[in-house]
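Residue numbers (our numbering), protein chains in the order written: chain R, 88 to 416; chain W, 46 to 110.
These aren't lab readings, by the way, just hints derived from the structure by calculation.
Be careful, since some hints might not be right.
Cut-off 27 angstroms, straight-line C-alpha distance, at most; resulting in silico cross-link-like pairs (DSS-like, lysine-lysine) [unchecked claim]:
(1) R:Lys115 - W:Lys80
(2) R:Lys232 - R:Lys115
(3) W:Lys73 - R:Lys176
If you want a taste of the chain R side facing chain W, the calculated C-beta under 8 angstroms gives, among others [said to hold, decoys possible]:
(4) His138
(5) Leu199
(6) Asn209
(7) Val211
Note that the Cβ used here is the ideal one computed from N, Cα and C, for glycine as well.
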Amino acid sequence: MTTPVSSAPADAATAAPAEWGDYLALMKPRVMTLVVFTAFAGYVAAPGSIHPVMAAIAIFALALGAGAAGALNMAYDADIDARMRRTRKRPVPQGKVSVSDAYGFGIVGAALSVILMALSANYVAAGLLAFSIFFYAVIYTMGLKRRTPQNIVIGGAAGAFPPMIGWAAATGSISMDAVILFAIIFLWTPPHSWALALYKSGDYADASVPMMPVAKGAARTRLEILIYSLILVPFAVAPVFTGLGGALYAVASVGGGALFLFMAVRVWQSKAGEAGSAEDGALYAVRKGDRHARDLFAYSIGYLALLFAALIAEHGLGAHIALGFGGAS
Amino acid sequence: MSEPTVQDASKTKPDPSAEEQARREFVKARDRRNKMIALGLVAFAALLFTITAIRLYQNTGGAAG
């Protein structure tokens, strides 16, 4: 396998073996947290269960798989990570972990996670996990990210798999509800990622990554954010009509969705992304005109967490009050 | 940067004690990493053992699967 790194510091072998914290950073712990959370929601919401220890091992396997995919992403993207303010402190561009070590860690981690998932849950969940790692590391990272402004739209599928994997771990199959949970995250990813890209577009331009604001401009990105938000919000309410979501979920999805739409409209009406990237490399650092994009980015994380927390509360803590739509699951 | 002369080269000769110190730190870091790998392998084996034990328990009718 060839690596895209030519002269980045990551190309050099590390001076000393990395610390465990460097490997933890390689696994993108923040992304891992969201993956575990949504997978747990999928598991809890599913009409079935496995032994609680097996479930814990399956969730651990999923976290390991997500981390391994993150390591493979960082290994391949070391060159562009070194050019972007937001990512240049990652362990590979910093030279703390070599590219080959990151690949090794990612491949071994991915293999172990799939084996653990197959043994603790079932082959359906293991197959989905293997496919999602492949999708993220190969289809998205190596194939789409540097080639098309639709990278995040198609690549978003990788991040949408966790609740479906959690569901499959519990039931051994995939149902319409699992597909709806997948679709919610799939449709949530573009407005979430493009809101960030709007106020970090200079970063992506420096790295020659054709994110929507770089390739098509800020105005088109703001419009697409609005369009995807208009599709996402009704989809997020859909579990209420299939019986998966109860009263609590209905309140969260309708109220949270209304606020999401309000913020998306505000971004659409704003001049976000016109001023170029924020100078500061911090995730939430923003120029004055980009504030609405930053707010949508931050809120989108809370919105997704709210939806899945409502499902966990309803199915895991017995707070499910059926509204009489669809069949109870 | 100017070309180092013969005299410069003798001046910039690495300090043996610093080199030894760096070597010791490298070995220490490598040992730490090796211990982490060993710990990871033990944890993986423990997980497999746990899975096997639970499956055995379920298959022998100890609990509803």
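Cross-check of the supplied hints:
1. R:Lys115 - W:Lys80: Given that 27 angstroms is the threshold and the Cα spacing comes to 23 angstroms, the pair holds.
2. R:Lys232 - R:Lys115: holds, 17 angstroms
3. W:Lys73 - R:Lys176: With Cα atoms ~24 angstroms apart, W:Lys73 and R:Lys176 stay inside 27 angstroms; holds.
4. His138: holds, 5 angstroms
5. Leu199: At about 6 angstroms, which falls below the 8 angstroms cut-off, the nearest Cβ of chain W leaves the hint on R:Leu199 intact, so it holds.
6. Asn209: violated, 12 angstroms
7. Val211: violated, 16 angstroms
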